[in-house]
Amino acid sequence: MSLLHHAVLQDPFAELSCFRGEFYSCLTKRSDALFELADAVLCADGPVRSLVELSLVGEHRRGHGGLYDALAAGRMDITRLRRALAAVPLPRAADGRLVLAVDITCWLRPDAHTSPQRILCHTYGRGKDQHIPVPGWPYSVICALEAGRSSWTAPLDALRLAPGDDAATVTARQMRELIERLMEAGQWKDGDPDVLIVVDAGYDVPRLAHLLQDLPVQVLGRMRSDRVLRRAAPPREPGTLGRPPRHGGEFVFGDPATWNTPDTATETKTRLYGTATARAWGRLHPRLTHRSAWVSQLGALPVIEGTVIRLQVEHLPSGATPKPVWLWWSGSDATDTQVDLLWQAFLRRFDIEHTFRLFKQTLGWTCPKIRTPEAADRWTWLILAVYTQLRLARPLAADLRRPWEKPSPPNRLTPARVRRDFRHLRPQAACPAGAPKSSRPGPGRPPGRQNTRPTPRYDVHTVRKPDTGKQRTKKSTTPRPRRAG
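Residues 1230 to 1714 (the numbering used here) are what the sequence shown spells out, left to right.
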């Protein structure tokens, strides 16, 4: 599906049918069963609790055996599906640019000892507010953000992190491939504003900007409040001997005495946060060392300059004490309008959390007890295709609210409310899946015969420190004999 289809198709039903047909073409094996499984997720009453319950949905005309077989043995052309998602109309920011948010969400599988390629995932808010590592499959998801407050995003790509992968390197490669697909689909053309990539504090923002510096993108991310950056090197005075300095004075986030006068300062009245004060300082960079991600870098390390923005709000909706938010932007010479657009775009990054919550709590992304990571990838892309159909059906759905729910305008329906009406919209859209053939179930394992092929068990991948080559000698526990005399 190319962008030319959307130039011709003005009817929302035609766009929805076009994507459903393209999604069916991406299913290369067990296509009918996988397509009806996606329709069962769309048309089920209430949240998805288990896979076997989806076989009872009227839109799923096959048994539960075919459902599990489709996930285990089905095939999907992920490359073609990625291009189809990139060709769907995407939301834009207030200034007309594309804003992409990337984050990692985990499919926790602590008891799946027979599932390979599990990694220790960091969880938050469990127990006594502790960060407890739990085995699971982490996925890096990229979504396009809308302007203004909304629970809608546009998921464009999902990639499972394999054991040993570096999050920044994998994210840069994933983002690079996505930008290339968006350019091929006509979502970005020469002369358009740069694509803005928004990340949270878990990413190394300067390194991500360095890896994507040859693309028409700008990176915006949050930094910890204990960071120390460096200013640009001062001009070299004539006649000075020795190597010129590469770094200037320190800019300590926690020490206001090192900030000096900001290059830009703005104040904005907001409804939820009161007065939002933003101050920006340009040409600040971290001092890199040959450690961690830069250990294999040869020669002098790069100087990655950017703009630091300090955001301070008057109060929070929860009543907690507001803390300043430090942002780093890969651009320079930020104006007052750009500073306001940047910190507002960063606040829109949290809309991706609504999408993750819908994936897990409503669409049942993490409910199936899938054994292989390949089947998990297949189910993940099926959920992304389901969400895209909800987004295309957004202008068509009616508000089927509960008696205790408040009415919502047609353009403000949440994804969960659009899903309630999808069953009534489905007959008017394309349904290319064929009816199942009549067959009888196989005999299965003979009674009394035990399983002779036990499933292998796998250990959880843990990151170990590299061997430095120095062998530590153990101290001898036997006492030394005393010298005579």
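Don't read these hints as lab results, they were simulated from the structure.
One or more of the hints may lead you astray.
[Claimed, not checked] Here are the simulated DSSO-like pairs of lysine-lysine, each with C-alpha atoms no more than 27 Å apart in a straight line:
(1) K1258 - K1552
(2) K1552 - K1498
(3) K1635 - K1598
(4) K1258 - K1589
(5) K1258 - K1635
[What the hints assert, rightly or not] Simulated restraints on C-beta separations:
(6) C1660 - S1561: 23 to 33 Å
(7) C1660 - P1445: 19 to 29 Å
(8) E1413 - P1531: 25 to 35 Å
(9) R1682 - P1531: 49 to 59 Å
(10) E1634 - G1431: 33 to 43 Å
Glycine included, C-beta positions come from ideal geometry on N, C-alpha and C.
So, going through the hints one by one against the coordinates:
1. K1258 - K1552: Given that 27 Å is the threshold and the Cα spacing comes to 52 Å, the pair is violated.
2. K1552 - K1498: 17 Å, holds
3. K1635 - K1598: 36 Å, violated
4. K1258 - K1589: 26 Å, holds
5. K1258 - K1635: Violated: K1258 and K1635 sit about 44 Å apart, past 27 Å.
6. C1660 - S1561: 23 to 33 Å: Between C1660 and S1561, where Cβ atoms are some 52 Å apart, the hint is violated.
7. C1660 - P1445: 19 to 29 Å: Because 39 Å falls outside the window, the suggested range is violated.
8. E1413 - P1531: 25 to 35 Å: At roughly 29 Å between Cβ atoms, P1531 and E1413 fall inside 25 to 35 Å, so the hint holds.
9. R1682 - P1531: 49 to 59 Å: 53 Å, holds
10. E1634 - G1431: 33 to 43 Å: For E1634 and G1431 the Cβ distance comes to about 35 Å; the hint holds.
Figure legend: structure checked against the earlier numbered hints; hints not met, in rising order: 1, 3, 5, 6 and 7.
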